[in-house]
Amino acid sequence: MRHFLYAAAAMAALTSPSYAETIAITGGKLVIGDGSAPIDGGTVVIREGTIVAAGAGVAIPADARKIDASGKWVTPGIFAGFTRLGLAEVDAVDGTNDKSGGKSGFSAAIDIAPAIDPFRTPFAVNRSAGVTRAVVAPEPSGSIFAGQGAIADLGADSDSVTKARAFQFAIFGEDGAANAGGSRAGTHLHFRAMLREAQEYATGRDNFDDDLLKAEDAKALLSVLRGETRLLIHVEGANDMLRLIELKREFPAIKMVFVGVTEGWRVARQLVQAGIPVIASALNDLPVTFEMLGATQSNVGRMKDAGVKVAIGMINDRDAHQLRYTTQYAGNLVSLEKVPGATGLTWDEAFSAITSVPAEIMGVGETLGSLKSGKAADVVLWDGDPLELSSAATTVIIDGVEQPSGNRQQRLRDRYARPTEGDLPKAYDR
Amino acid sequence: MMNMNKLALLFLAAAVAGCAAQGDGPATATSKAAEKPAAKVEAPFASTYKAYPGTATAIRNVTIYDGEGGRIDNGVVLMSGGKISGIGGPDMAIPDNMLVVDGRGKFVTPGIIDIHSHLGDYPTPSVEAHDDGNEATSPTTPEVWAEHSVWPQDPGFSRALTNGGITSLQILPGSANLMGGRSVVLKNVYSRTVQGMKFPGAPYGLKMACGENPKRVYGSKGRMPSTRMGNLAVNRQTWIKAQEYKKKRDSGKEFTRDLGMETLAGVLDGDILIQNHCYRADEMAIVLDMAKEFGYKVTAFHHAVESYKIADLLRDNGVCSAVWADWWGFKMEAYDAIPENAAILHNSGACVIIHSDDENQIQRLNQEAAKAQADGRRMGFKISDADVITWLTYNPAKALGIADKTGSLKPGKMADVVLWNGNPLSVYSRPDKVWIDGAMMYDAANPRLRPVSDFELGQPGEGDVK
Numbered sequence: 001m002r003h004f005l006y007a008a009a010a011m012a013a014l015t016s017p018s019y020a021e022t023i024a025i026t027g028g029k030l031v032i033g034d035g036s037a038p039i040d041g042g043t044v045v046i047r048e049g050t051i052v053a054a055g056a057g058v059a060i061p062a063d064a065r066k067i068d069a070s071g072k073w074v075t076p077g078i079f080a081g082f083t084r085l086g087l088a089e090v091d092a093v094d095g096t097n098d099k100s101g102g103k104s105g106f107s108a109a110i111d112i113a114p115a116i117d118p119f120r121t122p123f124a125v126n127r128s129a130g131v132t133r134a135v136v137a138p139e140p141s142g143s144i145f146a147g148q149g150a151i152a153d154l155g156a157d158s159d160s161v162t163k164a165r166a167f168q169f170a171i172f173g174e175d176g177a178a179n180a181g182g183s184r185a186g187t188h189l190h191f192r193a194m195l196r197e198a199q200e201y202a203t204g205r206d207n208f209d210d211d212l213l214k215a216e217d218a219k220a221l222l223s224v225l226r227g228e229t230r231l232l233i234h235v236e237g238a239n240d241m242l243r244l245i246e247l248k249r250e251f252p253a254i255k256m257v258f259v260g261v262t263e264g265w266r267v268a269r270q271l272v273q274a275g276i277p278v279i280a281s282a283l284n285d286l287p288v289t290f291e292m293l294g295a296t297q298s299n300v301g302r303m304k305d306a307g308v309k310v311a312i313g314m315i316n317d318r319d320a321h322q323l324r325y326t327t328q329y330a331g332n333l334v335s336l337e338k339v340p341g342a343t344g345l346t347w348d349e350a351f352s353a354i355t356s357v358p359a360e361i362m363g364v365g366e367t368l369g370s371l372k373s374g375k376a377a378d379v380v381l382w383d384g385d386p387l388e389l390s391s392a393a394t395t396v397i398i399d400g401v402e403q404p405s406g407n408r409q410q411r412l413r414d415r416y417a418r419p420t421e422g423d424l425p426k427a428y429d430r
Numbered sequence: 001m002m003n004m005n006k007l008a009l010l011f012l013a014a015a016v017a018g019c020a021a022q023g024d025g026p027a028t029a030t031s032k033a034a035e036k037p038a039a040k041v042e043a044p045f046a047s048t049y050k051a052y053p054g055t056a057t058a059i060r061n062v063t064i065y066d067g068e069g070g071r072i073d074n075g076v077v078l079m080s081g082g083k084i085s086g087i088g089g090p091d092m093a094i095p096d097n098m099l100v101v102d103g104r105g106k107f108v109t110p111g112i113i114d115i116h117s118h119l120g121d122y123p124t125p126s127v128e129a130h131d132d133g134n135e136a137t138s139p140t141t142p143e144v145w146a147e148h149s150v151w152p153q154d155p156g157f158s159r160a161l162t163n164g165g166i167t168s169l170q171i172l173p174g175s176a177n178l179m180g181g182r183s184v185v186l187k188n189v190y191s192r193t194v195q196g197m198k199f200p201g202a203p204y205g206l207k208m209a210c211g212e213n214p215k216r217v218y219g220s221k222g223r224m225p226s227t228r229m230g231n232l233a234v235n236r237q238t239w240i241k242a243q244e245y246k247k248k249r250d251s252g253k254e255f256t257r258d259l260g261m262e263t264l265a266g267v268l269d270g271d272i273l274i275q276n277h278c279y280r281a282d283e284m285a286i287v288l289d290m291a292k293e294f295g296y297k298v299t300a301f302h303h304a305v306e307s308y309k310i311a312d313l314l315r316d317n318g319v320c321s322a323v324w325a326d327w328w329g330f331k332m333e334a335y336d337a338i339p340e341n342a343a344i345l346h347n348s349g350a351c352v353i354i355h356s357d358d359e360n361q362i363q364r365l366n367q368e369a370a371k372a373q374a375d376g377r378r379m380g381f382k383i384s385d386a387d388v389i390t391w392l393t394y395n396p397a398k399a400l401g402i403a404d405k406t407g408s409l410k411p412g413k414m415a416d417v418v419l420w421n422g423n424p425l426s427v428y429s430r431p432d433k434v435w436i437d438g439a440m441m442y443d444a445a446n447p448r449l450r451p452v453s454d455f456e457l458g459q460p461g462e463g464d465v466k
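As they're listed, the protein sequences go chains A and B.
If you use UniProt numbering, the first sequence corresponds to residues 1 to 430, in order.
If you use UniProt numbering, the second sequence corresponds to residues 1 to 466, in order.
These are calculated hints, taken from the structure and not from any lab test.
A portion of the hints provided could be inaccurate.
Unchecked claim - Take a look, some chain B residues computed to stay more than 10 Å from chain A by CB distance:
id, residue
1, R60
2, G69
3, D73
4, E212
5, G222
6, L232
7, Y245
8, T256
9, D312
10, R430
11, F455
To be verified - Calculated pairs, DSSO-like style, for lysine-lysine (alpha carbon to alpha carbon, straight line, at most 30 Å):
id, chain 1, residue 1, chain 2, residue 2
12, A, K426, B, K382
13, A, K338, B, K106
14, A, K99, A, K255
15, B, K331, A, K103
16, A, K426, B, K106
17, B, K253, B, K241
18, A, K426, B, K253
19, A, K103, A, K29
20, A, K248, A, K219
21, B, K221, A, K103
22, A, K29, B, K106
23, B, K331, A, K99
24, A, K29, A, K309
25, A, K248, A, K338
26, B, K297, A, K426
27, A, K66, A, K372
Unchecked claim - So the derived list for chain B, only partly shown, Cβ under 7 Å to chain A, looks like this:
id, residue
28, P125
29, R249
30, K309
31, G329
32, Q367
33, N421
34, N423
35, V427
36, A445
37, R448
38, P460
Even for Gly, the Cβ is constructed at its ideal location relative to N, Cα and C.
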């Protein structure tokens, strides 16, 4: 609880907009984001950056600026469940790529928050596509612990971090083994040994065996061990998940969230029993590795039906640039409902898997992820069904602030809408 | 920009061409040719693809996009003998002997064609042992042929079929090299051998690459090229050699065969099509001039994220752009990519193809095209649904040199047909049935018509919906 209060305070301090008006959005097809059905002609009222009310028959304050959403959809902003937003401008240009800090010699201690740069173009591009919040994870390198990730907002301001050190990120499976001596046995050993070192650190520096961890790493892992910080674990294969569930029994306070989870459907019952929520790749259906032999697009739907709490994320999937695929992926899960033998999500479930569910899984569901009263006012207006390919966001509001439209891609588009040069070179055309 | 960490190739044990099912499908060009004494000893690794048996079928009450920009509501498509035998409106007569499929609420398109795939030469599982897409040991390797790396058991072929409606695809070497080698066009029908998948009568392509990849791969080895100007110099020197080789070959005098030069001479002859990986507009313009210098034609620029900047030039040169809808920012030469690329090209009258270069997006080229269309419409461009379907069917068929055989629903062409369970430009639609040469190779309602490669047999998820 202490941790949550900290988070709430951090949000208030860092992301409160410098101004926040009272806004009433009326007449649209309203999606709350909690899995409930859309409401035709619903109203959303925003004040001081927060949702006051959303639904049918909501009173409109006299001082509210009215936004007419007739013919449009009104939804919570997209909460991208797993990304590397703001950590790379150009992935292959090293100087702009801050995803991995492993060569620093640190592991769990790495805090990705200061590397998140809201002035990088992926912020504006994905904001234009209706993405308003993102889970931002460091990339692993040289350790099974990659460091501490953050939750970011995509607002056009300099304060992008909603919650720093929101989680620790670890890798199991093939990638974990590669970073722990070449065997999954090494991964489990490293996991136990590192947590033991963290415990020793807690009992006093004199007892600290620093074979695997620096003191800073130990401090970071201690908060994982105590359940104060969530542990997101990238894991794909069924057996790796079962073995991790066993590990969780040894460390019952650890709040595990599985990420990737391509074979989750094979162990859905065990995931439910262990109370482990997942942030899954939506559409993995190929045996990319031998730990993904059971890959199917029905994975998410089957897990959901079994009672697993499932959100969608972009796990190692164009994770710094294409958060805008999130709605398309959710739409694809809906499409499975029409395919004989396949298991998808209903539209309402799919939309909650990219809004309220990831917020809840990340422990910020009380303040983010839906249009319920009291939550941060991340609201998007769309010119059609937000999961449909032909639709686009037309208005994006983050923390109650209507965001500027436009981004670098749109400037290039406008310059070259007619590619032939005119009276002056294109360089003069802006 | 295929992930560099994947790939592979298994040589299948020499499969004896046996009693492959003989259907009522079309005799292939190859099988016809085989009846005559070979005039030229020029078709090694010849296609042994045979169409599987099909049932004469009529799809009616269906919305048809014919692949060439036409749309018919409540239409009828007829297939018999492996060919399209008719296409028309609601009044079209349906022969008595045909199986009738009611397409109410559904849509028909030609089979989807991916002009840029690495299935088979970068298959899944993406293990190092399968890493067979780049012969990255020399900046010019026109002597290698992608078909010799294709593993016909790649599970990716099945996903492309069942989720993407892919009926034909070009497998290209990777882009590490300036001249990466010959491509191969396949029918998306599993076979024990790659020869059994080869599209009968399709011309070869030569994969070329501009820009960052060749100069990075060889520059990092301390070799030429290490710059873009080095890229061009190596290319031009090689074309000079190719011209000399062709001259020698055409002189009628004795000459020593050279595999690489044979391919390049084939390009200069106009028999082998240039499929050129190239991102930046300025580099494409340079490549076009190089092609003029040596007397060859660029058929398509692939990836071509900056084609929108020179849409007029590409239109005037008759070059297609095979593009993604919205890939962007993963490397410097992809920095100026915009989602409106395809739409600006189309609006300028240039040829647009949507390609995948990806084992996932090949499963939803229809969706990628729909996104590109929507971005164009928001600019005020009029792009009809039927036109968008040409980006996935007739245009890639043209750029592969197979448009006389497939790519649209014209009578006499191969009956490569997808019946979609809704508008293929909607995220909510999937293939319902797929026919290749008139044979039903996928039926969503029939688990037995869900191909399972050898690799997946006996594994978790065998035969599952994917």
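Tested hints:
{"no.": "1", "hint": "R60", "verdict": "holds, 21 Å"}
{"no.": "2", "hint": "G69", "verdict": "holds, 19 Å"}
{"no.": "3", "hint": "D73", "verdict": "holds, 19 Å"}
{"no.": "4", "hint": "E212", "verdict": "violated, 8 Å"}
{"no.": "5", "hint": "G222", "verdict": "holds, 20 Å"}
{"no.": "6", "hint": "L232", "verdict": "holds, 22 Å"}
{"no.": "7", "hint": "Y245", "verdict": "holds, 36 Å"}
{"no.": "8", "hint": "T256", "verdict": "holds, 41 Å"}
{"no.": "9", "hint": "D312", "verdict": "violated, 5 Å"}
{"no.": "10", "hint": "R430", "verdict": "violated, 5 Å"}
{"no.": "11", "hint": "F455", "verdict": "violated, 7 Å"}
{"no.": "12", "hint": "K426/A to K382/B", "verdict": "holds, 24 Å"}
{"no.": "13", "hint": "K338/A to K106/B", "verdict": "holds, 12 Å"}
{"no.": "14", "hint": "K99/A to K255/A", "verdict": "holds, 24 Å"}
{"no.": "15", "hint": "K331/B to K103/A", "verdict": "holds, 22 Å"}
{"no.": "16", "hint": "K426/A to K106/B", "verdict": "violated, 45 Å"}
{"no.": "17", "hint": "K253/B to K241/B", "verdict": "holds, 17 Å"}
{"no.": "18", "hint": "K426/A to K253/B", "verdict": "violated, 53 Å"}
{"no.": "19", "hint": "K103/A to K29/A", "verdict": "violated, 49 Å"}
{"no.": "20", "hint": "K248/A to K219/A", "verdict": "holds, 20 Å"}
{"no.": "21", "hint": "K221/B to K103/A", "verdict": "holds, 24 Å"}
{"no.": "22", "hint": "K29/A to K106/B", "verdict": "holds, 27 Å"}
{"no.": "23", "hint": "K331/B to K99/A", "verdict": "holds, 15 Å"}
{"no.": "24", "hint": "K29/A to K309/A", "verdict": "holds, 26 Å"}
{"no.": "25", "hint": "K248/A to K338/A", "verdict": "violated, 37 Å"}
{"no.": "26", "hint": "K297/B to K426/A", "verdict": "holds, 28 Å"}
{"no.": "27", "hint": "K66/A to K372/A", "verdict": "holds, 19 Å"}
{"no.": "28", "hint": "P125", "verdict": "holds, 5 Å"}
{"no.": "29", "hint": "R249", "verdict": "violated, 40 Å"}
{"no.": "30", "hint": "K309", "verdict": "holds, 5 Å"}
{"no.": "31", "hint": "G329", "verdict": "holds, 4 Å"}
{"no.": "32", "hint": "Q367", "verdict": "holds, 6 Å"}
{"no.": "33", "hint": "N421", "verdict": "holds, 6 Å"}
{"no.": "34", "hint": "N423", "verdict": "violated, 10 Å"}
{"no.": "35", "hint": "V427", "verdict": "holds, 3 Å"}
{"no.": "36", "hint": "A445", "verdict": "holds, 5 Å"}
{"no.": "37", "hint": "R448", "verdict": "violated, 12 Å"}
{"no.": "38", "hint": "P460", "verdict": "holds, 4 Å"}
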